[in-house]
Amino acid sequence: MEKVKLCCAKCGFTIEEYTADELATVPRKAKRYKYLLNKSSICPSCLASGRLKESRSTGEAVAAPAPQVGAKSSTTAPVAHEEHAAAATPMMDALAKGPWPSHTAELKKTRYPVQMYEEALQKRTTQWGYGGYVSLPGVATGVLVRASARPEITKGSNFVRIMDPCGNFFKADAMRGLCDIADKYAYGLLHLLSTGGDLEMLGIPTENLKPAVEEITKLGFDVGSTGDDYRTSEECIGPAKCDLTLYDTLGFRYAWYQRFLDDVQYPRFPHKIKCKFAGCPNDCVRGGQKADIFVCGVFRDLPKIDQAKVASWVKGGGDITLICTRCPGGSLQWDAKKGLSIDGDSCMRCMYCINKISGMRPGDDRGVAILVGGKMRGKYGPMLAKVLVPFIKAVPPDYKEVFDFIERLTEVYDEHARKKERLGDFLLRIGINEFFQLVGVEPSPLLFAQPRTNLFYHWEPSEIRDERQK
Amino acid sequence: MATIELAGKQFDVDEDGFIQDTAQWNDDVARAFAEQEGIVELTEEHWKVIRFLRSYYLEFGVAPMIRKLCKETGFQLKYIYQLFPTGPAKGACKLAGLPKPTGCV
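Chains as they are written, first to last, in the working numbering: chain H, 1 to 470; chain B, 471 to 575.
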């Protein structure tokens, strides 16, 4: 059967496809074909505009797919176990020189298809293709597959995400077990702690997926976190190592998993939701930029000052005047006799002085703030998170109040958002006021889209003067 | 176009095995797909999901969102995954004779 394709003249992207029979018998399609051929069109792939190119090919009808049993792929051909021929890798060898441990030397020791990386270095662009999911009975989220743009080197690579325990702590024994599984079934390569807060095991052939996942679950780990669900959450190290944390981030994340594990493993939302939990406004997990739901530890009262410690810090050479001038609210005052004082009205609780001066600690009235809508990609590009709840008490062990609120938030998102719309895009579309009504939050002056600079500056009548009337 | 033989009849299918012409569907097709998917027996609860998916598709022309499916049938998402091991999109929609859903249902 002869096939007629209309392709972009620049990049070759197929825009419409017909068979010769269709063009002869269906007048609607013939008309459309003629219309497209004579008109200047915009290619959705490379955005070039111009006349389309016509290409004709005779293709045999593909055979019926065999009855599929067990694991099967939706987007690509099943990834089989493959041996990679040894070939010269001059660019990778160059990266292996020098005193620092080299990633290329490590990759070469494993079954990773090194030619993919070598070609990428030579052509200065990645040789991997789009991603997708392989459905696997028993794993509702499916398994990620990374397709290859160079099928002659490798057919693609499946990888599973393994949820790590809170604090990203692995016992050495458990790690050995994971390493054995990676050696046995995969490339023999672990991607330790991706930016999403999980562990990725790369390059599992499709026929090995089932035994590999079975062995991983036998070790006590869970796989999942792909598709339109809660992705694995990430928290800062919190009370396990840090002295500034304002709530127990590790316990919070553990309780979060206890409550929302079903939503992590069974995709049901319009798009992915990423959660990050930071212990204090320093935000070491970058939740304000990256997370759809960001829970940040905050304090309501003023930072505590240990005057004796501050005085000894100044005596030892601390530059207190610099700190006072750089205070974002301009609220720090240093007097050699009276000591350090804070103006409560203009203090932003930004942690700057606490980070810089020894002897200053966060206040005692502690809780969490909930911010929504941060993201790096999505329809409208990067967005910073917006404050939805400025203060809420986090009460262990089950943090019921906070999680009830998060559940209400996701229900609203689930009910009203369109398909494949991130929470930030959804907020932009309906507006923050509408969202407040849907979630049931009273708008208050304590909610800010950005850190406060001069939002509530009180203008004196003498300061207001019309420039035109001199 | 690939074809597949189910219950003694020929059907056009896409690369994932979803039948192309929804009108050709009948109960026997669902039973034949169930065997492929590894479902032992189609119970009344399976049929409830399948009938809802079909009626929604015939009315609106698209597969329903997962939230809608759970709400209308009254099943938890987890239970639907127990009924159809490959999930609502690849399992249930295939049995119901719908074309392949574009999103993740």
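One or more hints might be untrue.
Beta-carbon label-pair distances, calculated as ranges [claimed, not checked]:
#, chain 1, residue 1, chain 2, residue 2, range
1, B, 542, H, 22, 33 to 41 Å
2, B, 518, H, 289, 38 to 46 Å
3, H, 123, B, 478, 46 to 54 Å
4, H, 100, B, 530, 34 to 42 Å
5, B, 532, H, 355, 51 to 59 Å
FYI, nobody ran anything at the bench for these hints, they're computed from the structure. Backbone N, C-alpha and C define an ideal beta-carbon position, used for all residues, glycine too.
Against the structure, the hints:
The hinted range of 33 to 41 Å is satisfied by residue 542 of chain B and residue 22 of chain H, whose Cβ atoms lie roughly 38 Å apart. Take residue 518 of chain B and residue 289 of chain H: their Cβ atoms lie about 44 Å apart, and the range 38 to 46 Å holds. Taking the beta carbon of each, residue 123 of chain H and residue 478 of chain B are about 52 Å apart, inside 46 to 54 Å as hinted. A hinted range of 34 to 42 Å for the beta carbons of residue 100 of chain H and residue 530 of chain B is inconsistent with their spacing of about 59 Å.
Between residue 532 of chain B and residue 355 of chain H, the C-beta spacing of about 52 Å keeps the proposed range 51 to 59 Å intact.
The structure does not agree with numbered hint 4 stated previously, though it agrees with all others.
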